[in-house]
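There are 2 protein chains.
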Amino acid sequence: MKQYQHPTADQITLTGVLHALSDPVRLNYVQCLAAVACEQACGAIATPVAKSTMSHHIRVLREAGVIQVRPAGTQSLISLRWAELNGKFPGLLDAVLNAVDSTDPVASK
Amino acid sequence: MKQYQHPTADQITLTGVLHALSDPVRLNYVQCLAAVACEQACGAIATPVAKSTMSHHIRVLREAGVIQVRPAGTQSLISLRWAELNGKFPGLLDAVLNAVDSTDPVASK
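Sequences listed follow chains S and C, in order.
For what it's worth, the numbering used here labels the leading residue of the first sequence as 1, then goes sequentially.
For what it's worth, the numbering used here labels the leading residue of the second sequence as 1, then goes sequentially.
Treat the hints with care, since some could be wrong.
[As the list claims (entries may be wrong)] So, partial list: chain C residues that the calculated Cβ filter (under 10 Å) puts toward chain S:
#1 H19
#2 A35
#3 V36
#4 V100
[Stated by the list, open to error] Listed below are several chain S residues computed to face chain C (Cβ distance under 8 Å; list not exhaustive):
#5 L18
#6 D23
#7 T53
#8 M54
#9 I58
#10 V60
#11 N86
#12 G87
#13 P90
#14 L92
#15 A95
In short, the hints are calculated from the structure, not lab data.
These numbers come from a predicted model, not from an experiment.
Glycine residues also receive a C-beta, built at the ideal position from the N, C-alpha and C atoms.
Kindly produce the complete structure, drawing on both the sequences and the hints.
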């Protein structure tokens, strides 16, 4: 079964997280994950891009430490690393998610 | 005298701001601007990169709406657009600046 590499909490950097969140598609995805507040199968959240493009975005989010990807049978389950991010950068994810608004059409869908 | 283009508050996007802040040199620069809390001459804040590279970083920050650049005689004065950013994305800049820590060596200098 495919295993995914994740940074430890110590390895997560602020600039890496900001970069991961600086793309409208990725920001929208993180917003959806935060809204459902539980693990989601890869593909369960509708995105406006091709599957291969979304795989890239998910890899960026995973490598930045924003999400956890867990293989489960033939699919992958994805969740926000909310507790670790909030522990390391208190209030950051909340502030970003609160800031998602109509200035970013894709992210605000 | 050289004039600089700035986005209006309406044109500032969350993803643009996050991208501008996702570079350690730019994040460090914004942190220094926030610490002095007043206009700074371009070059007054020590940076670890060449002048031309810093010009690029300052342009990225200006075009994202993070900083204001004002020509004054032979130099340019730079300030954070704190009020506009805070009005548009409440708490975001505070959360980012609070999150600057030892995981980003350049940004935490």
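Q | Hints the structure fails to honour | A | 2, 3, 7, 8, 9, 10, 11 and 12
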